[in-house]
Amino acid sequence: RKEVEQDPGPFNVPEGATVAFNCTYSNSASQSFFWYRQDCRKEPKLLMSVYSSGNEDGRFTAQLNRASQYISLLIRDSKLSDSATYLCVVNRASGTYKYIFGTGTRLKVLA
Amino acid sequence: GAVVSQHPSRVICKSGTSVKIECRSLDFQATTMFWYRQFPKKSLMLMATSNEGSKATYEQGVEKDKFLINHASLTLSTLTVTSAHPEDSSFYICSARKTTEGVGELFFGEGSRLTVL
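Read top to bottom, the protein sequences are chains A and B.
Per my numbering, the first sequence runs over residues 90 to 200.
Per my numbering, the second sequence runs over residues 763 to 879.
It is possible that some hints are incorrect.
[What the hints assert, rightly or not] Example chain B residues on the side facing chain A (calculated, C-beta under 10 Å, incomplete):
id, residue
1, V773
2, C775
3, F796
4, K804
5, T811
6, R859
7, T862
8, E863
9, F870
Simulated from the structure, these hints should not be mistaken for lab results.
Each residue gets a CB set at the ideal place from its N, CA and C atoms; glycine is no exception.
Kindly produce the complete structure, drawing on both the sequences and the hints.
Right, dumping it as structure tokens:
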């Protein structure tokens, strides 16, 4: 079993739809969690860090569930420009800079 | 956010030559940087962790003598692909760790696409 798992998709959704991705992690000592966005043939870009209390940035909402060991990303009112691969990244316990990447979930927003 | 610059963005070289890729954190100091390799439609593969002032830590299966990493300052790490072969052709990406409010976030360079003829 991979340490960080994501549904690879693709998720094909119409413009304006709400879409949610989940990411599960197996190491209970994981400390920090992030969502990155990667466009084709480009570098990943930080979308948001995920805090214990959950956080929201415009149309994007991230949640952390430590008990069930997953994080989620909700995108409301999808835009065509949201089409990308969304990477879940987990940092293991403090003292080690080990960032584990999920394989990514592909999102296609259709006109 | 933060800015990480990677250079060159594209390089084409002949088999047997060496290629150096630079990764710079432009607006913050990074004691830790990471080097990745990515194949088309695949996820990032961590090659090594670059620590300022000390030796890099390589992942299993990555040849240290093939991929030389130097992190001479708090804003610069370099990856040198020595004696490059066609199978080394890939997209190489660096990232730098920046601590924001106690959380270490990664910021990525633009990537370097290497083609070895």
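Satisfaction of the V773 of chain B interface hint, Cβ to chain A closer than 10 Å:
Violated, because the Cβ-Cβ distance from V773 of chain B to chain A comes to roughly 15 Å (cut-off 10 Å).
Hint validation: K804 of chain B versus chain A, beta carbon distance must be below 10 Å. Holds or violated?
8 Å, holds
Against chain A, with CB atoms and a cut of 10 Å, does the hint on T862 of chain B hold up?
8 Å, holds
Holds or violated: is there a CB of chain A closer than 10 Å to the CB of F870 of chain B?
With a closest approach of 4 Å, the F870 of chain B hint holds.
Restraint check, 10 Å cut-off on beta carbons, for C775 of chain B near chain A
With Cβ-Cβ at 20 Å, over 10 Å, it is violated.
Status of the hint placing F796 of chain B at chain A (closest C-beta pair under 10 Å)
7 Å, holds
Double-check E863 of chain B for me: the hint is only fine if its C-beta lies closer than 10 Å to a C-beta in chain A.
9 Å, holds
Interface restraint verdict for R859 of chain B against chain A (beta-carbon cut-off 10 Å):
6 Å, holds
How about T811 of chain B: closest beta carbon in chain A under 10 Å, or not?
Because about 6 Å separates T811 of chain B from the closest Cβ in chain A, which is inside the 10 Å limit, the hint holds.
In this structure, the hints that do not hold are numbers 1, 2, in rising order.
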